[in-house]
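**Student:** Residue strings, one per chain:
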Amino acid sequence: MSTVTVAGPTEMPRAGLRATPWRAALDSLVVMERNLIAYRRVPESLFFSSVQPIMFVLLFRYVFGGAIKVIGFRGGYANYLMPGIYVQTVAFGSVATSIGLAEDLQKGIIERFRALPMARSAVLAGRTLADLVRNVFVVLIITAVGYAVGFRVEGLAGFLAGVGLLLLFAYCLSWGFAVIGLSAPNSETAQVMAFPVLFPLTFAAGTFVPVSSMPGWLQGFANYQPVGEVVAAARSLMVGGPGPAANHVIGTLLWCLGVLVVLAPLAVWRYRTRTT
Amino acid sequence: MANAVEATELVKTFKGGVRALEGVSLEVAEGTVFGLLGPNGAGKTTAVRILTTILAPDSGSARVLGHDVVHEAAQVRASIGLAGQYAAVDENLTGRENLRMVGQLTHLTRKVASARADELLARFELTDAANRSVKTYSGGMRRRLDLAAALVDRPPVLFLDEPTTGLDPYSRVALWGVIEELTGAGATVLLTTQYLEEADRLADRLAVVDHGKVIAEGTSEELKARLGATVLDLNMGDDERAKQALGVLAGRWPREPVLSGATVELQLDGGARVVTEALRVLEEADLVPSTLAMREPSLNDVFLALTGHGADADQSDGKEATK
Chain A
12 MSTVTVAGPT EMPRAGLRAT PWRAALDSLV VMERNLIAYR RVPESLFFSS
62 VQPIMFVLLF RYVFGGAIKV IGFRGGYANY LMPGIYVQTV AFGSVATSIG
112 LAEDLQKGII ERFRALPMAR SAVLAGRTLA DLVRNVFVVL IITAVGYAVG
162 FRVEGLAGFL AGVGLLLLFA YCLSWGFAVI GLSAPNSETA QVMAFPVLFP
212 LTFAAGTFVP VSSMPGWLQG FANYQPVGEV VAAARSLMVG GPGPAANHVI
262 GTLLWCLGVL VVLAPLAVWR YRTRTT
Chain B
2 MANAVEATEL VKTFKGGVRA LEGVSLEVAE GTVFGLLGPN GAGKTTAVRI
52 LTTILAPDSG SARVLGHDVV HEAAQVRASI GLAGQYAAVD ENLTGRENLR
102 MVGQLTHLTR KVASARADEL LARFELTDAA NRSVKTYSGG MRRRLDLAAA
152 LVDRPPVLFL DEPTTGLDPY SRVALWGVIE ELTGAGATVL LTTQYLEEAD
202 RLADRLAVVD HGKVIAEGTS EELKARLGAT VLDLNMGDDE RAKQALGVLA
252 GRWPREPVLS GATVELQLDG GARVVTEALR VLEEADLVPS TLAMREPSLN
302 DVFLALTGHG ADADQSDGKE ATK
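The listed protein sequences derive, respectively, from chains A and B.
The number in the working numbering is simply the position in the first sequence, starting from 1, with 11 added.
The number in the working numbering is simply the position in the second sequence, starting from 1, with 1 added.
I should point out that these hints are in silico values taken from the structure, not numbers from a laboratory.
Please note: incorrect hints may appear among the correct ones.
Derived DSS-like pairs (lysine-lysine); straight-line CA-CA distance at most 30 Å [to be verified]:
#: 1; chain 1: B; residue 1: 214; chain 2: A; residue 2: 118
#: 2; chain 1: A; residue 1: 118; chain 2: B; residue 2: 16
#: 3; chain 1: B; residue 1: 136; chain 2: A; residue 2: 118
#: 4; chain 1: B; residue 1: 214; chain 2: B; residue 2: 16
#: 5; chain 1: B; residue 1: 225; chain 2: B; residue 2: 214
#: 6; chain 1: B; residue 1: 112; chain 2: B; residue 2: 136
#: 7; chain 1: A; residue 1: 118; chain 2: B; residue 2: 112
Far from chain A, by Cβ distances over 12 Å, these chain B residues were calculated [what the hints assert, rightly or not]:
#: 8; residue: 67
#: 9; residue: 78
#: 10; residue: 139
#: 11; residue: 202
#: 12; residue: 212
#: 13; residue: 241
#: 14; residue: 251
#: 15; residue: 268
#: 16; residue: 274
#: 17; residue: 289
#: 18; residue: 291
Just so it is clear, CB atoms sit at the ideal spot from N, CA and C, and this is done for glycine as well.
All chains, please: the whole structure from these sequences, using the hints.
**Tutor:** Structure follows, in structure tokens:
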């Protein structure tokens, strides 16, 4: 080994220690960058998380689509389907937050982070932000596939508003999945734990079929549960119908707020108290 | 000298009633190496995790450089470095990226973090592998990177949790050198180990931990002294000569020699001088021993005497609640 001094308590140039919001934001960006590098280095994970929604597009467009009656959509079922596919994709994508955090716990990285003078919230914020970026990437791919199967938007502004809304929704959902990730014994279990939450939410909604075709007792749930609201909002914004967007947008924002207010502190608490 | 680390009556019980720590107190003077010695599951890792603010104790308190580990955790984190036995480095990042990330999270400027990363990579012979993802690193390389990560912001207090467990002999000796270099530069080091030899070699003071309690504390010499001194076995060839030798050697030192068959056993409280004097006296009496053997009481002897089991014995009952 060379003779460069390894350490010794020498003062090194550094920023102040106070846990300012600015400091926390910078720490979050460092952690986000770290997570994005990992996604880039393991492109398989990104590839397969895109394959699944592509298969769903093809499955519903060409296999089930013919049997599903929707009316009043230009482009027919493709236009009905795509907003639902977007929401389902980003919702499933936010499970990556559970898996990523459970893996970090398992591998002891969180242990290292906890002994560093960084903002407590940065590990979670950095993770959820990286998963947001990941979702943006998957949305781009799905848009290309959607276009190929006949998806045509009403207007660019509405489409972008819809995408923005569902990405916001997925971001908030990530904080919920962070709780699962920080509670699971390992990443495999985290994934298994996330699905019982995700399946009823994504399928018992107007995601792929009109809610009016469901039994009455289910319709209330399907309309007003979080995914139901965001699907309806995204559909109104992207392809103009059915019904006005405003109510569903407000419903979605309320759900986002609710999830954040309840689950983000819970996630931070789990992060602080998780002992292994 | 001021204490860099002070712990008072730390108690920690994990879910399922595993009592990891049952009142551990210790003091580490600034600029010294303190060894926490004990078998698997003794509570060493739990103690380190509390001192590094990762875990909160159920009761008791601890201070690092005067800052409380619970109430002033931020200040504590700013002055410590931690290298664990699990080599907590990010597999998907390169070695350089790992060190830069830690540098940025310890709030070094981007430029300083980069320069420091390169310096440490060179110091730990990782420059050639700097741009490879850690996934491709050998176990020894990961451990070196983990240690380098603990040193990024030159922390005055270092916690090394079983730093050499699983290392090959070459890397182990290299790591000992690093630790000596660190204390030479004024750092305080608290290390845990299962290796008696290592504790003996590195630590200024030791605490022997078993079942969550400190069962002995002191310098390695003091601990050995508890078992009595080094023993010199003088084999005189036959019982008759041994008796004669006993006569010649008697009455010279506080501890009287003991006869055991053809061997005279001499306790060396007074150190090496006793050996030279004994040999001179025997030679003058024409009673040169046929063989000589020196027995140093090892820390393993200490452990055996204190706990009733050897230090290498794995305990399943006091399982350390970690991974």
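**Student:** If we take the beta carbon of residue 212 (chain B), is the closest beta carbon in chain A still more than 12 Å away?
**Tutor:** Its Cβ never comes within 12 Å of chain A, the nearest being 20 Å, so this holds.
**Student:** Can we confirm that no CB of chain A comes within 12 Å of the CB of residue 289 (chain B)?
**Tutor:** holds (47 Å)
**Student:** For residue 139 (chain B), which was marked as not at the interface, is the minimum beta-carbon distance to chain A over 12 Å?
**Tutor:** holds (16 Å)
**Student:** Just want to verify: residue 67 (chain B) was marked as not at the interface with chain A; is every Cβ pair farther apart than 12 Å?
**Tutor:** holds (14 Å)
**Student:** Check whether the Cα positions of residue 112 (chain B) and residue 136 (chain B) lie no farther apart than 30 Å.
**Tutor:** holds (26 Å)
**Student:** Test the statement that residue 291 (chain B) is away from the interface with chain A: the closest C-beta pair must be farther apart than 12 Å.
**Tutor:** Holds: least Cβ distance 46 Å, greater than 12 Å.
**Student:** Find the nearest Cβ of chain A to the Cβ of residue 251 (chain B) and say whether that gap is larger than 12 Å.
**Tutor:** Residue 251 (chain B) is indeed farther than 12 Å from all Cβ atoms of chain A, at 53 Å.
**Student:** Within a Cα-Cα threshold of 30 Å, do residue 118 (chain A) and residue 16 (chain B) meet the stated pairing?
**Tutor:** holds (21 Å)
**Student:** Are all C-beta atoms of chain A more than 12 Å from that of residue 78 (chain B)?
**Tutor:** Residue 78 (chain B) is in fact no farther than 12 Å from some Cβ atom of chain A, at 4 Å.
**Student:** Minimum C-beta separation from residue 274 (chain B) to chain A exceeding 12 Å: can you confirm that?
**Tutor:** Fine: 38 Å to the nearest Cβ keeps residue 274 (chain B) off the interface.
**Student:** Could you grab the alpha-carbon distance between residue 225 (chain B) and residue 214 (chain B) and see if it respects the 30 Å cut-off?
**Tutor:** holds (19 Å)
**Student:** Checking a non-interface call: every C-beta of chain A should be farther than 12 Å from the C-beta of residue 241 (chain B). Is that right?
**Tutor:** holds (58 Å)
Taken one by one, the earlier hints fail for this structure only at number 9.
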